[in-house]
Amino acid sequence: MDVVINEVLSILSSAAIASVIALGLGITFRLMGIINLAHGEFMMIGAYAAVYAGAIGLPWPLGLLAGVLAAAVVGALAEVLIVRWLYSSPELSILGTYGLSIVLIQGVQVTLGKGYLYSSNPFPGAIEVFGVAYPIYRLVLIGAAAVLFLIILLLLNATPLGTKIRAVAADGKLAETLGIRSSRLNLVVFTASAALAGLAGVLVGPLGNVRPDMGADYIFTAFVIVIIAGNSIVRLIPAAILVSTVQNLMTFWIDPMVAKIAVLVIALLVLQGLRRTPGEVTV
Amino acid sequence: MQIKPRWSVPLAAATAAALLFGMSACSQEPGGGSEAPSGDAGALKIGLTVDLSGVGSMIGTPGKMVAELAVEEINAAGGVNGQQLELVVADNGGLPQNTKTAATRLVESDQVAALFAPVDSASRDAAMPTVVDADIPFFYPTLTEGQVCAPYLFSTANTPQQQLQETIPVVQELEGKTKWFLIGNDYVYPRTSLEAAREFIEAAGGEVVGEEYVPLGTTDFQAVISQIRSSDAELLLPVVVGADTVAFEKQAYDAGIGANVLPRLTISYDDNTMAALGQDIAQNMYVGMGYDMDLDTPENRAFVEAYRAKFGDSAPAVTAYSIYVYATIKAWADAVTTAGSTALADVAEAIVGQVNTTPAGEVTILDNRYAQESIHLIKYVEGGEKEFVQTFDNVIPAETCSVS
Amino acid sequence: MRRLHWLLLLLPLLCLFVSNYYSGLVGQYAILGATAALLAFSWGYAGVLHFFHVVAFGLGAYSVGWFALNLGPDGLWLGLLVAVLLTGGVAVLLGIAGLGKNYGFMTFALVTFVVVLALEQIAVQFTAVTGGFNGLSNIPRLGFGDWRLSGSMNALVLATVAVLLVIGLRWLSTTPYGVALRAVRDAPRRMGSFGVDVPAMRISVFVLTSAATGLLGGLFATQTQFVSPSDIGLAFGTSILVWTMLGSKTTLLGPFLAAIGINFATTGLSESLVDYWLLIMGVVFVVVVRFLPEGFGVWLVRILPARWRRAPHVEVRRAVPEAPRDAADGGAAPEFVVEQLSVAYGSNRVLQDVGLHVSPGEVLCLIGPNGAGKSTVLNALSAVIRVESGRWRFGDRQFQGRSPWRIARDGLSRKYQHPSIATDLTVGQNLALAVWGPRYRFRRLLWQRWEIEIEPSAWRILEAGGLDARLDQLAAELSHGQRQMLELAMALANPCDVLLLDEPAAGMTKVEAATLASLITEIARDARPAVIVVEHDLELIRTVADRVVVLQNGGVLAEGTYAEVEADVRVQEAYLGTEAQHG
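Chains as they are written, first to last, in the working numbering: chain A, 1 to 283; chain B, 1 to 404; chain C, 1 to 583.
Hints were generated in silico from the structure; no laboratory data involved.
Fair warning: this is a prediction, and the values are worked out from it, not measured in the lab.
Idealized CB from N, CA, C, for every residue including glycine.
Just to be clear, a hint being listed does not mean it is correct.
Calculated lysine-lysine pairs in the DSS-like style (CA-CA distance at most 30 Å, straight line) [stated by the list, open to error]:
#1 A:Lys114 to B:Lys310
#2 B:Lys386 to A:Lys114
#3 B:Lys379 to A:Lys114
Short derived list, chain A residues pointing at chain C, Cβ under 7 Å [what the hints assert, rightly or not]:
#4 Gly96
#5 Ile102
#6 Ile227
#7 Met257
#8 Lys260
#9 Ile261
#10 Leu264
#11 Val270
#12 Leu271
Construct the entire structure; sequences and hints are all you get.
Below is the structure:
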């Protein structure tokens, strides 16, 4: 029984991290048609900001805020300078955001150095959950991811802003004729996506290390989740849970490499099985 | 859009002309055209290929620094056979293909007399054909799984067998525990290391209760941590490398199986790793390695002093991954002096069996081109302090292969 | 000027004059350049973006490595063969799975992206074959037995192969095959309706470029003498993609030179600049995306004199008119018959049991209020949308359940409402593709000369639109009315039994529409296809219609001559309110 509870919690917390990263990525990909190869670097910016905030003595919540803000600012700048020229072409977004990611990584390396930064755990220790001692921080992650998804889904589905965003996603030109300024909405959405990345960066910091090229390790799993989720933001949650379940259980019972390949096979099956109409977004 | 490729013509001609001009200019660089680098006028060149820009730059940068220091010291002492040494450095950017390119440039354009490459094993293998063609000694002065032997390949740093053979029984005895869990990244170095570990553990009366390999670049170690927890392991032997180390150790610590609960013996965590982990997580870890900057020997004190004098206090820590670059360049210089020649056969004959006193202790290169050297068992204790538990001198590298 | 691209062969000759080191680089980078050019051909010319190029490259390198190390040095030749067959074979499978009817641009890119991720893992894991993390080393150079090429000579061979490949691709791009690929890229649905087997075109180019990339990968391994998982990985794949974009994916030399240039610059500058070099590269990418999104190649093409990029002239002849078909046929004259055609979009039923019949030479006009399902009928009949049920045939030739291009080949021709001709091709090239589409498979297109024979009716349309004098002009330069005429001429370029016209007069002036009306009548009389016209212009309908069918809410409301239908009370009711717009 303990093993089961432990596994369930592990899967949920893995899914929590993965889904938060995938959320930002999925928003730009599905709502704006941007393949953002710099998403991992926005995470990195967030993580750095949080570490530096911690270093000058700010408490963790402020560090979290600093990470989100830093990534949002960089994201907004990137949108204004580059990304808004890429909406017409998902292919071009590959080159543009690839260049952006190199600029961010190398920029940080040159100015702040290559070494690992230490991001300390704001909630050390473990508490008992159904008789199993489980790290508090992991539980915080699960809660944070749940709240975050709730907020985003409410924003998209129950506010005028969300309606506008979905309208622009479905047909930017048409939305413009209805009086929606799609360029400003795109800025908002991209900045929000970068802020989410920053948040994810702050959250994963204490689980690993903070370094200029940290983003790459996270981004591919997130991409696979976005692929499996298809056109839906809500489906990111089951997709993340599916991936985490397969990865955790197969790692536990068989082998991590088999687990990784199994996840990729699922992604392939989904791509082959579910044909979707481009531009159609269900939330 | 319009694709009428006839514009290709003048462009192609221009490019070809530019390339032709550029390359003929390049090939006339000093040194590029000169024949055998002998005589009093020309300096004797040695090549170093390291990773200065990629992920391996944490090893590459101090590697380059200690190489510069070694060359400076050799030249200050009169050079090699009356000739001054010149170090030519090529960045490999962390990629095997680039290492091949870098090695080719060093060998062909710079005509280096020996090549030193503290790089990963894939990059070493990539450079090998070039070195064979050039018929020069190839020094591989960083931690290696061994298993590759060639007359021209000198692997002078520790092998996992050396690091584990003596340290496993001592750790078992000190901790009074015998049940091990082995975990590593999924590639040749950890696999070879843990294979050797299993042998030594069983020889020392211990038991392996679990073994797991995770892909490089893993960020989430929960499943593996669950596995470790559900085994009845008392000791952990992690050969997790690079950034994965920090992720694994932090997550394990949070999950209640940090080194305070489950003591570690590691062969890959150097000073930089420990700094990245922080003192709480590092506490109670045993490290079996050939070098540490805090070693209290006269040779090491002199080395550290010179290193700090040249590069300052903020220079990166020198570890077992990079110290053998320094030691090996010096050993090579001594061998060339003894042999009076830089030819591979002469250098090989002189350097095998030559006893080198280095900051890492005595290093002797054996017949199979691996080195017999000292291994230090270090324990990280409270407050980030290090305790030098024991030093094993003249540890013989396992005969995993031989030079025929 | 035409033959001067052979000057590219000077590049391999460099290997004779420069040091071993530089010639090695020339060989390697020429191979990478050709790899980028191959990707450009698949992506920029044929519109198939994928990440498989790096898998093909890696598979090629690994197979040469494995065979050479396991079967002795001469095994590398077998390895090269396997490289081509293996990558080609895998590409066939992937192509059939992903480039067929359900092809989605992004989906296929993502599928191949995932394949790269998986193969990178497998290359690390499958140590017994791939050498795992360390890869395979000491791969021999090209040669036989103990005789092996020197590094420089090996590089010379490689660079020669690479350059010849690029020249070959360039030739390919100017053949009807290459031109058809571009048309497929821009208007796949249209080309399908012209009888072009669109999936086969895509699969052929994917397989062709993949197999060639496999060969290049194998050759690359003989130069570096080494292969590791990084040669099959995503990072390398992305680099190739980036070179291709920088050099312009719609050119071949652009990517070739971009790859060579960037690699030489990296090798030369990365050591002096170390981290700053990558930073500079990143900034360059960003600046290019912002200010030169199509890449350097296109920019260069633009500043070069226009006469250097003139398209080939197409010789267009008028076919000798055949005797009117079926005129004196004793048996029952074949008819175009549609039975019980039903179409639904989700739960929304658009057509319900529609039945139609049209005789050869007869013009049937479909009218009805907006949303009655008129265009849906044409879309269903030409199979660009899926039908729920229904049968349609000409004589005993059944059409239902077949793909658009097969229907087109069986004599059902269609003109879309909006002209979707390939605007970067000339009038003549557009006509040629329309003629060849139903007749030739892609292999034939490779050798086809730019000469066509079109039906007299198509020729008459060209004359009427003044297009017969503009055969070498780009379609982009035509007026809207002229494009409509060209589109119609393309639909009629081959003999057809059934002609579907979707609002042929849309956007035309009164005069043009009147000309068109008399042309339709003439064509029906002379070439005798069964014609179905969907049109709003009542004047045109009155002129051309032999019979009118009125659709309402997805069903047939009324049928008869124009006068009969006009007098029908139900029709008047249906049109109340909507009629006003069409006056």
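Broken hints, numbered, in rising order? 11
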